[in-house]
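**Student:** Sequence:
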Amino acid sequence: MSTRRQAAVSFIFVTLLIDMLGLGVLIPVMPQMVASLTHDPATASQSFGVLIGLYSLAQLLASPILGALSDRYGRKPVLLGSALLASFSYALAVFSPSLIWLFVARFLGGAAAASAGVANAYIADISTPETRARNFGMVGAAFSLGIIIGPALGGLLGQHDIRLPYIFAAGFAFLNFLYGLLVLPESHHRRSNGPIALQNLIPLRSLGVIGKYPGLTGLAWVNVLTALALQFMTSTWVLHGAARYGWGPGESGLALTVAGVLGIPVQTLLVSPVLKRFGTVRTVQVALVLGIVGYVLYGLSSLPWMFFASMPLSVLMGVGGPALQAQLASKVPPEAQGVVQGNMGGLNSLTGVVGPLMSTALFSHYATPSAQTSIPGIAFFSAALLLVFSWMLYSWLVTRPQPARQEQTSST
Numbered sequence: 001m002s003t004r005r006q007a008a009v010s011f012i013f014v015t016l017l018i019d020m021l022g023l024g025v026l027i028p029v030m031p032q033m034v035a036s037l038t039h040d041p042a043t044a045s046q047s048f049g050v051l052i053g054l055y056s057l058a059q060l061l062a063s064p065i066l067g068a069l070s071d072r073y074g075r076k077p078v079l080l081g082s083a084l085l086a087s088f089s090y091a092l093a094v095f096s097p098s099l100i101w102l103f104v105a106r107f108l109g110g111a112a113a114a115s116a117g118v119a120n121a122y123i124a125d126i127s128t129p130e131t132r133a134r135n136f137g138m139v140g141a142a143f144s145l146g147i148i149i150g151p152a153l154g155g156l157l158g159q160h161d162i163r164l165p166y167i168f169a170a171g172f173a174f175l176n177f178l179y180g181l182l183v184l185p186e187s188h189h190r191r192s193n194g195p196i197a198l199q200n201l202i203p204l205r206s207l208g209v210i211g212k213y214p215g216l217t218g219l220a221w222v223n224v225l226t227a228l229a230l231q232f233m234t235s236t237w238v239l240h241g242a243a244r245y246g247w248g249p250g251e252s253g254l255a256l257t258v259a260g261v262l263g264i265p266v267q268t269l270l271v272s273p274v275l276k277r278f279g280t281v282r283t284v285q286v287a288l289v290l291g292i293v294g295y296v297l298y299g300l301s302s303l304p305w306m307f308f309a310s311m312p313l314s315v316l317m318g319v320g321g322p323a324l325q326a327q328l329a330s331k332v333p334p335e336a337q338g339v340v341q342g343n344m345g346g347l348n349s350l351t352g353v354v355g356p357l358m359s360t361a362l363f364s365h366y367a368t369p370s371a372q373t374s375i376p377g378i379a380f381f382s383a384a385l386l387l388v389f390s391w392m393l394y395s396w397l398v399t400r401p402q403p404a405r406q407e408q409t410s411s412t
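Residue numbers (our numbering): 1 to 412.
It is possible that some hints are incorrect.
As the list claims (entries may be wrong) - Result set (EDC-like, lysine to aspartate or glutamate): computed pairs, CA atoms no more than 20 Å apart in a straight line:
hint, residue 1, residue 2
1, K331, E130
2, K76, E335
3, K212, E335
4, K76, D161
5, K276, E130
Bear in mind the hints are in silico, worked out from the structure with no lab data behind them.
Hey, can you work out the whole structure from these sequences and the hints?
**Tutor:** Here you go:
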């Protein structure tokens with residue numbers, strides 16, 4: 001059984017890796033793609049924020065739906081359908097004659113990316129309590145490896161043609177579909193037989209679904225604040241590099257690649273020993289502190305070498321992600337993992353709607369050459385402040401007296 005479970009983790013690892021490759025190649029060229037369609041540099045950065053926001057809005061709407069469908073019909077068909085939709089969305093972007101069509105393509109891509117919650121449910125299905133954090137760490141490693149290869153490849157291809165990375169992304173997503181069709185086993189065998197509850201499909205009722213399970217709501221808010229901080233950083237990464245250091249797609253892709261290289265050993269080698277040595281609570285707390293310091297240093301970095309030197313601290317924050325995900329998953333019964341993980345994905349997607357709009361607005365007001373008040377690192381400082389709130393909430397949750405409550409809803 002252990003061998004079969006490890007093989008399943010490998011399957012989902014490769015699936016997510018190919019998915020991240022398809023997404024990562026777009027990061028360095030997306031601002032230029034927007035600028036080429038708007039022909040208006042003054043509005044390009046705000047249109048870029050809207051583009052990212054649409055992607056996350058689609059995730060918000062689709063995440064609970066895909067999660068509920070995966071509980072009812074299984075994880076595999078949902079993952080396969082999402083891969084096909086992703087491939088179509090990238091292909092549509094290649095032939096987009098206007099910004100509106102690029103928005104449509106990005107919206108469809110966001111709906112496909114909502115399958116990340118299903119992937120988390122897949123990991124929860126095949127994991128034991130002892131291996132849950134380690135397996136979630138492998139998921140994080142897939143994302144890091146995709147970030148290593150994707151942006152570097154995207155920057156290289158984008159120097160020849162800004163649409164070329166989208167062609168590669170469409171191919172990667174289709175390979176994802178073929179791989180899953182051939183080798184990905186179904187993980188969810190305790191499927192619900194009744195009709196899908198309508199309330200489970202409404203994104204704004206996500207907290208109601210999550211609130212059914214004791215101890216989950218507070219942790220969900222910690223996750224949301226942390227995800228919002230990450231959105232502030234990633235949505236202005238390319239813009240910050242271009243404005244402060246004069247970077248083009250190649251340099252921005254290289255910076256993301258370095259961050260991904262540093263993230264691989266964190267996710268694959270450090271998660272298990274750190275959790276064994278310090279426990280879940282201390283691991284999450286220290287990880288958030290490292291993220292706070294790292295983001296502040298990003299914002300203070302006036303030279304490229306300072307920016308690169310700040311990466312190890314922020315990357316080390318990644319050790320807390322699998323620990324928090326395992327803590328969340330442990331509070332949910334197997335038959336509800338899809339719904340809960342889908343709604344968690346929906347909440348994270350909400351941060352992807354709000355975060356890019358807020359961070360790019362802050363960037364345009366305080367970090368562009370024409371800004372009256374110049375604060376070049378405003379997005380990173382704001383992200384650090386969000387992590388402070390996340391750390392405070394988590395520390396309060398784990399230290400407050402726990403009221404007597406029924407635990408059978410989270411027992412398996």
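**Student:** Compare the distance between the alpha carbons of K331 and E130 with 20 Å, and conclude whether the hinted pair is satisfied.
**Tutor:** Roughly 14 Å between the alpha carbons, so the hint for K331 and E130 holds.
**Student:** Holds or violated: K276 with E130, Cα cutoff 20 Å?
**Tutor:** Holds, at roughly 10 Å.
**Student:** Is the hinted pair K76 and D161 satisfied, with a Cα-Cα distance of at most 20 Å?
**Tutor:** Given that 20 Å is the threshold and the Cα spacing comes to 35 Å, the pair is violated.
**Student:** Would you mind confirming whether the straight-line C-alpha gap from K212 to E335 stays at or under 20 Å?
**Tutor:** holds, 14 Å
**Student:** Is it true that the CA of K76 sits at most 20 Å from the CA of E335?
**Tutor:** Holds: K76 and E335 sit about 15 Å apart, inside 20 Å.
Comparing the model with each earlier hint shows a violation of hint 4 alone; every other hint is respected.
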